[in-house]
Amino acid sequence: MLKIKINGSEFEVKKGLTILEACKEVGVEVPTFCHDDRLKPSGTCRICVVEVEGARNLMAACSTPVTDGMVIWTESKKVVDARKEILNLILANHPLDCLTCEKSGECKLQDLCYKYGIKGSTFKPNKKEYDVDESNEFYYSDPNKCILCGKCVRVCNELQCTGAIGFAQRGIKTHVTTPFDKGIANSTCVSCGNCVAVCPVGALMPKKKMKYRTWEVKKVRTTCSYCGVGCQLYLLVKDDKVVGVEPYFGEPNRGLLCVKGRFAYNFINHKDRLKTPLIKKNGKFEEATWEEAYDYIVGRLTEIKEKYGPDSIAGLTSARCTNEENYIMQKFMRAVIGTNNIDHCARL
Amino acid sequence: MTNSIAEIEDAEVIFIIGSNTTENHPVIGTFVKRAKNKGAKIIVADPREIELAKLSDVFMQLKPGTNVALLNAMMNVIIEENLQDEEFIKERCENYDELKEVVKDYTPEKAEVITGVKADLIREAARIYAKADKACILYAMGVTQHATGTENVYSIANLAMLCGKLGKESCGVNPLRGQNNVQGACDMGGLPDVFPGYQKVHIKENVEKFEKAWGVKLSDKPGLTVSEMFHEAIKGKLKALYIMGENPVISDPDTKHVIEALEKLEFLVVQDIFLTETAQYADVVLPAASFAEKDGTFTNTERRVQRVRKAINNVGQSKADWEIIVDIMNRMGYKCSYKSARDIFDELAKVTPQYAGIDYDRIENEGIQWPCPTKDHPGTKILHKDKFARGKGLFKPTKYRTSAEQPDDEYPFILTTGRILYHYHTMTMTGKNEGLMKIAGESYVEINPMDAKKYGISDGDLVEVTSRRGSVRVKAKITDVVNEGVVFMPFHYADGSANVLTNTAYDEVTKEPELKVCAVRIKKA
Amino acid sequence: MITLTINGKKIRVASGTTILGAAQKLGIDIPTLCYDPMLEVYGGCRICVVEVEGAKSLMAACATQVQEGMVVYTESEKVIKARKEILALLLANHPNDCLTCEKAGVCKLQEYAYRYDVKFGQIDGERHNYELEDSNPYIVRDMNKCILCGKCVRTCAQVEGRKVLTFAYRGFKTKVTTAFDKPYEDSDCAFCFRCVAVCPVGALKDKRASGKARHWEVSKEEFTCTFCDYGCKFEVARKHGKAVYVTPKAPSEGRPLCLKGKIGNELKYLDDVETPYIRVEGKLEPVSWAKALGLEEILYKIETEKR
Numbered sequence: 001m002l003k004i005k006i007n008g009s010e011f012e013v014k015k016g017l018t019i020l021e022a023c024k025e026v027g028v029e030v031p032t033f034c035h036d037d038r039l040k041p042s043g044t045c046r047i048c049v050v051e052v053e054g055a056r057n058l059m060a061a062c063s064t065p066v067t068d069g070m071v072i073w074t075e076s077k078k079v080v081d082a083r084k085e086i087l088n089l090i091l092a093n094h095p096l097d098c099l100t101c102e103k104s105g106e107c108k109l110q111d112l113c114y115k116y117g118i119k120g121s122t123f124k125p126n127k128k129e130y131d132v133d134e135s136n137e138f139y140y141s142d143p144n145k146c147i148l149c150g151k152c153v154r155v156c157n158e159l160q161c162t163g164a165i166g167f168a169q170r171g172i173k174t175h176v177t178t179p180f181d182k183g184i185a186n187s188t189c190v191s192c193g194n195c196v197a198v199c200p201v202g203a204l205m206p207k208k209k210m211k212y213r214t215w216e217v218k219k220v221r222t223t224c225s226y227c228g229v230g231c232q233l234y235l236l237v238k239d240d241k242v243v244g245v246e247p248y249f250g251e252p253n254r255g256l257l258c259v260k261g262r263f264a265y266n267f268i269n270h271k272d273r274l275k276t277p278l279i280k281k282n283g284k285f286e287e288a289t290w291e292e293a294y295d296y297i298v299g300r301l302t303e304i305k306e307k308y309g310p311d312s313i314a315g316l317t318s319a320r321c322t323n324e325e326n327y328i329m330q331k332f333m334r335a336v337i338g339t340n341n342i343d344h345c346a347r348l
Numbered sequence: 001m002t003n004s005i006a007e008i009e010d011a012e013v014i015f016i017i018g019s020n021t022t023e024n025h026p027v028i029g030t031f032v033k034r035a036k037n038k039g040a041k042i043i044v045a046d047p048r049e050i051e052l053a054k055l056s057d058v059f060m061q062l063k064p065g066t067n068v069a070l071l072n073a074m075m076n077v078i079i080e081e082n083l084q085d086e087e088f089i090k091e092r093c094e095n096y097d098e099l100k101e102v103v104k105d106y107t108p109e110k111a112e113v114i115t116g117v118k119a120d121l122i123r124e125a126a127r128i129y130a131k132a133d134k135a136c137i138l139y140a141m142g143v144t145q146h147a148t149g150t151e152n153v154y155s156i157a158n159l160a161m162l163c164g165k166l167g168k169e170s171c172g173v174n175p176l177r178g179q180n181n182v183q184g185a186c187d188m189g190g191l192p193d194v195f196p197g198y199q200k201v202h203i204k205e206n207v208e209k210f211e212k213a214w215g216v217k218l219s220d221k222p223g224l225t226v227s228e229m230f231h232e233a234i235k236g237k238l239k240a241l242y243i244m245g246e247n248p249v250i251s252d253p254d255t256k257h258v259i260e261a262l263e264k265l266e267f268l269v270v271q272d273i274f275l276t277e278t279a280q281y282a283d284v285v286l287p288a289a290s291f292a293e294k295d296g297t298f299t300n301t302e303r304r305v306q307r308v309r310k311a312i313n314n315v316g317q318s319k320a321d322w323e324i325i326v327d328i329m330n331r332m333g334y335k336c337s338y339k340s341a342r343d344i345f346d347e348l349a350k351v352t353p354q355y356a357g358i359d360y361d362r363i364e365n366e367g368i369q370w371p372c373p374t375k376d377h378p379g380t381k382i383l384h385k386d387k388f389a390r391g392k393g394l395f396k397p398t399k400y401r402t403s404a405e406q407p408d409d410e411y412p413f414i415l416t417t418g419r420i421l422y423h424y425h426t427m428t429m430t431g432k433n434e435g436l437m438k439i440a441g442e443s444y445v446e447i448n449p450m451d452a453k454k455y456g457i458s459d460g461d462l463v464e465v466t467s468r469r470g471s472v473r474v475k476a477k478i479t480d481v482v483n484e485g486v487v488f489m490p491f492h493y494a495d496g497s498a499n500v501l502t503n504t505a506y507d508e509v510t511k512e513p514e515l516k517v518c519a520v521r522i523k524k525a
Numbered sequence: 001m002i003t004l005t006i007n008g009k010k011i012r013v014a015s016g017t018t019i020l021g022a023a024q025k026l027g028i029d030i031p032t033l034c035y036d037p038m039l040e041v042y043g044g045c046r047i048c049v050v051e052v053e054g055a056k057s058l059m060a061a062c063a064t065q066v067q068e069g070m071v072v073y074t075e076s077e078k079v080i081k082a083r084k085e086i087l088a089l090l091l092a093n094h095p096n097d098c099l100t101c102e103k104a105g106v107c108k109l110q111e112y113a114y115r116y117d118v119k120f121g122q123i124d125g126e127r128h129n130y131e132l133e134d135s136n137p138y139i140v141r142d143m144n145k146c147i148l149c150g151k152c153v154r155t156c157a158q159v160e161g162r163k164v165l166t167f168a169y170r171g172f173k174t175k176v177t178t179a180f181d182k183p184y185e186d187s188d189c190a191f192c193f194r195c196v197a198v199c200p201v202g203a204l205k206d207k208r209a210s211g212k213a214r215h216w217e218v219s220k221e222e223f224t225c226t227f228c229d230y231g232c233k234f235e236v237a238r239k240h241g242k243a244v245y246v247t248p249k250a251p252s253e254g255r256p257l258c259l260k261g262k263i264g265n266e267l268k269y270l271d272d273v274e275t276p277y278i279r280v281e282g283k284l285e286p287v288s289w290a291k292a293l294g295l296e297e298i299l300y301k302i303e304t305e306k307r
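Chains as they are written, first to last, in UniProt numbering: chain B, 1 to 348; chain R, 1 to 525; chain A, 1 to 307.
The hints are simulated quantities; they were obtained by calculation from the structure and are not laboratory data. Even for Gly, the Cβ is constructed at its ideal location relative to N, Cα and C. Be careful, since some hints might not be right.
[Said to hold, decoys possible] Below, computed lysine-lysine pairings styled on DSSO-like, alpha-carbon distance capped at 30 Å:
#1 K307/B with K237/R
#2 K238/B with K108/A
#3 K208/B with K9/A
#4 K239/A with K219/B
[As the list claims (entries may be wrong)] Stretch-level coverage of chain B by chain R, calculated; a stretch enters the list once three of its residues show a Cβ under 8 Å from a Cβ in chain R:
#5 154–166
#6 235–243
Bound-form chain B, shown alone (with noise of 0.2 Å):
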């Protein structure tokens, strides 16, 4: 264990730590852009400086290991001053679009810029001009809002491990793309999102099919209902419809989505979803109540138990449906049918 120094109280930590994960363990918040538990420091953005007593700099918390006896602090004027320099000049060539910018609420640059009120920028303002890359289906990419954090680029590369996007060009031209500058609908790009999860401003957008502010609506965990991974997701809803998937940052995906789990929703409020009960009548489907469906029901299966036996009826349960629904089912079969003949289609 280390002895450290915090904002002026004493914490003892782990050897081996950050001085950003060491203020994480101790509940001593330090700003962040660039920085991503799942992956290795990178220390670009300098957001995270912090002043360490005796350093000759202020030193990136992110990518600096903590030593015994280290005193920090973590807000000091020398700090917030480097912060607001910071926000300055990200805000020179960054949009005032907060109007109606979709990232609104949810925006890192905007947090910070409220936390240390930082207006808009001194600087000449040098806005960039580049096209927004609409390609993709189901996220769009605006350069013009990027701060070059590089988030995108490593989950792409390490996490995700497709190699869609990178850096091109140098200075002020530097800008996240895919080769030769094509478009991600001509990339490798495979869709999942996991880009768009970790962009920290409004560069990264979901295209969305209905407008909602980030504030105006709920998340709600629950698990993904395609494949088997069983990835952890937040719906997100508004007025009782579900708008978009966020992925959840632990096990088993780590904060990691495909472009099924992360885009394909659009089926739960969909418009051909069956809303009541159906009667075949004449070869024909029928609207009826719950309790004519019931009725009808109970009375045909009643009547072929008792003519033709149990095991004349089976049941099919099924690998979308829930445990409980599963084991409710194989008990509805088995107890009130009185019959095995129960599967499902875990072979195919």
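Given the structure of chain B, go ahead and fit chains R and A onto it with the hints provided.
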């Protein structure tokens, strides 16, 4: 899975057989790729040159249906070169001599003739797998959807036991389950021969246990599997079928046969979120709530029991599947008073030993992997750690048998089927998504360029694919992803449906149909 | 009763109902800026305009009474175009400040700009450059953000003998002011917060809530003030579980709001309480809580009782 998803990333060797992981389990695919980036060696055995094959160290492009020959040959090499884990075999396994005897015949050269994989590649794969400390096997439907599916799985288990790659971190035999809750549906006794928790229905004590729990007399006669149900329906013995959330008209082999069975039934109930192809044949269709409208749990491929939470109100008059069934149970005179999914879970945990220690409070934040026998048990990351469920690991040596249908002059191609990244199963969900439909809107058949040339077929041409069971027209995709003599079709699409063609021959033990191999002919339409 | 059709849906309402009222009954949301059910109709902002079949021009939904057989469209192309223009004009003279504006998240101008996809800078026009009035401890006035909806003027006038606010000057220079355009603390303002509670934008803000949290970061809980029998509504905002500010909800019939309620509830609910100020001989002064809440006499008596 005997092991957990997270362990894949730390494996030294990953052997992927019959799984197109990056398309069918995309997030697990990223674990494999990250392992590769950390220096792991990747071995792929697949009839198609899938994405992972391109970054593999050894790629064995085997002829569909020849898994056993390939795996036996790998074991042959391992024993021949003395790479087996003697200690593990001695302490934890039995019947090793018989295995030795059986695989002796399968020299890599002999396997090369059967599988089409060069003998040296088989040797290399065997050595890489056997020599690693941490080596896991991932497999999926490419292994199981064969008339020899059980034998394929035995062979994989034999290989893992032979090399002592069970019960250890980043090792194991890991089937990747295709559907969100196929693991749970099996765990919950959604199978004709077992009660919840894989407790056999023909064993007296089990029947008595459930009779006591449920308060009624129960049958000890194993029931019908899906494919048997359709056969019995056609024979007129099965009269009524209640289908909850399945679409066999598209997903099951030999569509014509399935439809014939459904039409023959006296009474068919279908409960689903959409009016599916199967629902069209129903007498009554009931509107079910989607996963976003209900509480419950799914169990993932690594046996992790995780919460499903209600996010929105039920769409229309739809009801959760469990509510519907409970309503019917009550009306049929069996009184049950569940008020919530949690009530049902608490009951099922009482009768399912693997789930006994799990409850909603415990899995509020993170799911628990079964077996979890008690409330203070943390769950089980790795199965068979100190001993196997049955005590000693039993080698079940198997001999290679050919698939039920072999190509001949009339049907010279092997058709194999599978899923693609952009769709899911029968497309009842993904087919509603504009973006996915723009990217992958129609069915196709992959044909090797040499075969295409022979038949005068160009990329994008309409092709007629015909088997003994039916014929479909789909667009040709000319690609060397498949070898000569093999064609591939995704099975998602109702229009151009691969399962019009597939064979209903099935595995004797699991009744799993042989969807991965059937004989077809192709011609330009 | 009168029958009319709105967006293809028929409805029967009592005569005298406005189009806005009828639409609300149908669950149709017509945007409003100057409308307030508690205030007299003003019809000044025009954002609620709708298309009425047969009418020469678009009609203000808040000020137009329904007529038999009326056919109304609330989101027709013409209506949307008019609203976009109104919003673009408002934005032309509004600071681009959502990055840090305290109102962001509950600002009506922001809400409608998002809904109709209108951005800053679509119209280039003259801008106000009023000085920020930040001199009193309770209310920040930023007249650069004022959209002249007049709700503050009308709500202030509803209190007997108050009428602190009025419109002054003309044309582009029109401005909401106190008498002689003095700061709030030098006027008759009682800091009841009625004007703050009704302001649709960031022109009038609760200074004691400033800098505490963004609207989307807090969970808000409504409660009823118990300091007197009126039962005014307030809300307490919590960020990460910590109560960070208490602010009054819009005044309603018989619920007037007052400063004592505002600061009294701060004391009651907040984790970190700020010094109270009250007018002492006309000037706002920091005082003890006992004095602020008028409890000095009572406390003195309790103390002497003890002895």
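Query raised in the report: Which hints from the list above does the structure break, by number from lowest to highest?
Result: none
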